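Each chain, written out:
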Amino acid sequence: MELILDRVTKQYSSKIAVDRISASLQPGVIGLLGANGAGKTTLMRMICGILKPSSGSISFEGMDASDEMYRDALGYLPQDFGYYPNFTGMDFLMYMAALKGIDKKSAKNKCRELLKTVNLEDAANKKIKTYSGGMKQRLGIAQAVLNDPKILILDEPTAGLDPKERVRFRNLIAELGKDAIVILSTHIVSDIEHIADRVLMMKDGNIIFDGSSADIHEDLEELYLKEFGGMDNE
Amino acid sequence: MTDRDIKVLLKDAYRISPSEREKAFVRKHEKRSMHIADIFLLELKYMGVRSVLSGVMLILMFALISLLKNPGLVWYLSGLLPVAGLVLICGLGKSERYGMQELEAASRFSIRFIKAVRMFIMGCATLVIVIVSSVVLQIKTGFDFMTILGIIGTPYMLNAWGNIIITRRWHEKENIYGCIVVAGVTCILPALMEKAIRLQIIQPLVFVILLLVVSALTVRESLLYIREREDSSWNLY
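One line per chain: the protein sequences are A and B, in this order.
Taking my numbering, I'd label the letters of the first sequence as residues 1 to 234.
Taking my numbering, I'd label the letters of the second sequence as residues 1 to 237.
Read the hints as simulated data drawn from the structure, not as lab findings.
Since the structure is predicted, the reported quantities are computational estimates derived from the model, not experimental observations.
For glycine and all other residues, C-beta sits at the position ideal for the given N, C-alpha and C.
There may be inaccurate statements among the hints.
Estimated spans, in silico, between C-beta atoms of each pair [as the list claims (entries may be wrong)]:
| hint | chain 1 | residue 1 | chain 2 | residue 2 | range |
| --- | --- | --- | --- | --- | --- |
| 1 | A | N109 | B | G99 | 21 to 31 Å |
| 2 | A | R168 | B | A13 | 36 to 46 Å |
| 3 | B | C124 | A | S59 | 51 to 61 Å |
| 4 | B | D3 | A | Q11 | 42 to 52 Å |
| 5 | B | I59 | A | S55 | 50 to 60 Å |
| 6 | A | Q11 | B | Q138 | 53 to 63 Å |
| 7 | B | L10 | A | T9 | 56 to 66 Å |
| 8 | A | I208 | B | L212 | 55 to 65 Å |
| 9 | B | C124 | A | Y12 | 30 to 40 Å |
Computed list of lysine-lysine pairs in DSS-like fashion (alpha-carbon distance at most 30 Å, straight line) [what the hints assert, rightly or not]:
| hint | chain 1 | residue 1 | chain 2 | residue 2 |
| --- | --- | --- | --- | --- |
| 10 | A | K104 | B | K94 |
| 11 | A | K110 | B | K45 |
| 12 | A | K116 | A | K129 |
| 13 | A | K164 | A | K126 |
| 14 | A | K52 | A | K164 |
| 15 | B | K94 | B | K140 |
| 16 | B | K195 | A | K105 |
| 17 | A | K105 | B | K94 |
| 18 | B | K94 | A | K126 |
| 19 | B | K94 | A | K52 |
| 20 | A | K126 | B | K45 |
| 21 | A | K129 | B | K140 |
| 22 | B | K45 | A | K136 |
| 23 | A | K203 | A | K110 |
| 24 | B | K94 | A | K108 |
| 25 | A | K129 | B | K195 |
| 26 | A | K178 | A | K116 |
| 27 | A | K136 | B | K195 |
| 28 | A | K129 | A | K178 |
| 29 | B | K7 | A | K104 |
| 30 | A | K127 | B | K140 |
| 31 | B | K45 | A | K127 |
| 32 | B | K94 | A | K110 |
| 33 | A | K116 | B | K45 |
| 34 | A | K178 | A | K136 |
| 35 | A | K108 | B | K45 |
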């Protein structure tokens, strides 16, 4: 199982947001680190198939990122996402399950199971507008894993979570990374330093570091600060 | 062995066989199937309560106005139809308004397909309103069917065309304000049309021709809207 990025480039008029990135990603947790404007979200959107690369290609098991079957293997948690105001937590998950092509019966069981996993069982039938930021984020995480994705893209997933939820979430990600390609974008080094099998560091649309935490002879946070020390973080 | 034989052998040796992994992956996912009808039902099921209530209110208003014994009936209904269009366009742009488009775009059934389904539902609902209104007006007013269609269809179609242009080019959720302005302008259009016909400045046939032209433009704009959903809107980010 391999996700291949081949010279992926994204250009917006005169600005190159992602510059000829090539990588071969295998199952495991891949931490994507970078400051604001480094190109993380653009790269993630391209991997999700919702943004077309200006050049280059993205494929998984021979399928292009624009294929329906590719999207079927995908789970995505965007940095910011909304919800329809009349939805309860359960409605939201059932709606997402339907869009992911999961049949109603399996979806119902899966949604209940996931609401329990993300600790939202009691709030399942409450309107999402009554949820706190952390609860919404947990619901977002639940929808991302609804279809047992083979590629899981999480953009700033721990934003809004309290420390206890963060630890819980980290364990969940580590578990998912056993048989899926989990790409976790963040600017919080502690979110990935203990669970990421591989770290990709982005700056100005390029990957400036690709390796494991063990490959770094210094602290990951120190390396990050050295690279981005002068910049404002997200 | 001739050169030709060698070429054939080389061609066979270097032929890329279909990826076994791809085939296995597709097989594994074949069990999940969903029909187009399921998406229709899903969209109908999750249609907002406000949209449904607004639709019911409008139908009731149509019914009440139709009971009036008034020669101006055709103009009242003509002015009311763009409001129906506005309610329906609100349903079409709901992904953007509520920030769901990124999630919907990354799901198996792409946002392009969802939009097409919403437009189809929207189109069918308004078609029913236009046809029923035309029949009622024909009975009540004695105007011929084409004249009625031109009078009530032109403001509605102008509103639909304007709203789709706005929704296609203005991606922020504030685009609804633009749609309200267009609906407001097209609501007062029947008053001008009535004056133009009464003073014999314009013949009713002109509105039938205008309706056909605007309908063609609306279809073109709708196709562009569906085609651009997955590419352009995101590429502008």
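Each hint, compared with the structure:
At roughly 28 Å, the beta carbons of N109/A and G99/B sit within the given window of 21 to 31 Å. Judged by the Cβ atoms, the range 36 to 46 Å given for R168/A and A13/B is violated: they are separated by roughly 54 Å. Distance hint check for C124/B and S59/A: the Cβ-Cβ separation is about 39 Å, which falls outside the suggested range of 51 to 61 Å. Taking the beta carbon of each, D3/B and Q11/A are about 46 Å apart, inside 42 to 52 Å as hinted.
Range check, I59/B to S55/A: Cβ separation about 52 Å, and the 50 to 60 Å hint holds. In this structure the hint that Q11/A and Q138/B lie 53 to 63 Å apart at CB holds, the actual value being about 57 Å. Between L10/B and T9/A, the C-beta spacing of about 34 Å breaks the proposed range 56 to 66 Å. Separated by about 59 Å at the C-beta atoms, I208/A and L212/B satisfy the suggested range of 55 to 65 Å.
Between C124/B and Y12/A the C-beta distance comes to about 38 Å, which sits within the given range of 30 to 40 Å. Restraint check: the Cα-Cα separation between K104/A and K94/B comes to about 24 Å, which is no more than 30 Å; the hinted pair holds. Restraint check for K110/A and K45/B: satisfied, since their Cα atoms lie roughly 20 Å apart, inside the 30 Å limit. A hinted pair counts as satisfied when its Cα atoms are at most 30 Å apart, and K116/A with K129/A qualifies at roughly 19 Å.
At most 30 Å may separate the alpha-carbon atoms for a hinted pair to count; K164/A and K126/A meet this at roughly 23 Å. Taking the CA atoms of K52/A and K164/A, the gap is about 37 Å. The hint is violated against a cut of 30 Å. Taken as a hint, the K94/B and K140/B pair is broken in the structure, with Cα atoms around 37 Å apart against an allowance of 30 Å. Distance check on the hinted pair: K195/B and K105/A sit about 59 Å apart at the alpha-carbon level, beyond 30 Å; violated.
For the hint linking K105/A to K94/B, the alpha-carbon distance of about 27 Å falls within 30 Å, and the restraint holds. Between K94/B and K126/A, the direct Cα distance comes to roughly 21 Å. Compliance with the 30 Å bound is thereby established for this hinted pair. Under the criterion of a C-alpha separation no larger than 30 Å, the hint pairing K94/B with K52/A is consistent with the structure, at around 23 Å. For the hint linking K126/A to K45/B, the alpha-carbon distance of about 18 Å falls within 30 Å, and the restraint holds.
The hinted pair formed by K129/A and K140/B fails the criterion: a straight-line CA distance of about 47 Å is larger than 30 Å. Between K45/B and K136/A the alpha-carbon distance is near 22 Å, which keeps this suggested pair within the 30 Å criterion. Note on K203/A and K110/A: the hinted pairing is violated, with a Cα-Cα distance of about 38 Å set against a maximum of 30 Å. For a cut-off of 30 Å, the pair hint linking K94/B to K108/A stands: about 25 Å separates their Cα positions.
Straight-line distance between C-alpha atoms of K129/A and K195/B comes to about 49 Å, which puts the hinted pair past the 30 Å bound. Taking the CA atoms of K178/A and K116/A, the gap is near 21 Å; set against the 30 Å cutoff, the hint holds. For the hint pairing K136/A with K195/B, the CA-to-CA distance comes to about 55 Å; that exceeds 30 Å, so the pair is violated. A C-alpha spacing of about 34 Å is found between K129/A and K178/A, which places the hinted pair above 30 Å, so the restraint is violated.
With a C-alpha separation of about 54 Å, the suggested pairing of K7/B with K104/A is violated against the 30 Å cut-off. Pair hint K127/A plus K140/B does not hold up; C-alpha atoms about 46 Å apart against a cutoff of 30 Å. At roughly 16 Å between alpha-carbon atoms, K45/B and K127/A fall within 30 Å of each other, so this suggested pair holds. Restraint check for K94/B and K110/A: the C-alpha separation of about 26 Å stays at or below 30 Å, so the hint holds.
Distance restraint check for K116/A and K45/B: the Cα-Cα separation of roughly 25 Å lies within the 30 Å cut-off, and the hinted pair is therefore satisfied. Among the hinted pairs, K178/A with K136/A is consistent with the structure: their alpha-carbon atoms are about 25 Å apart, no more than 30 Å. For a cut-off of 30 Å, the pair hint linking K108/A to K45/B stands: about 16 Å separates their Cα positions.
Of the numbered hints given earlier, the model fails hints 2, 3, 7, 14, 15, 16, 21, 23, 25, 27, 28, 29 and 30; all others are met.
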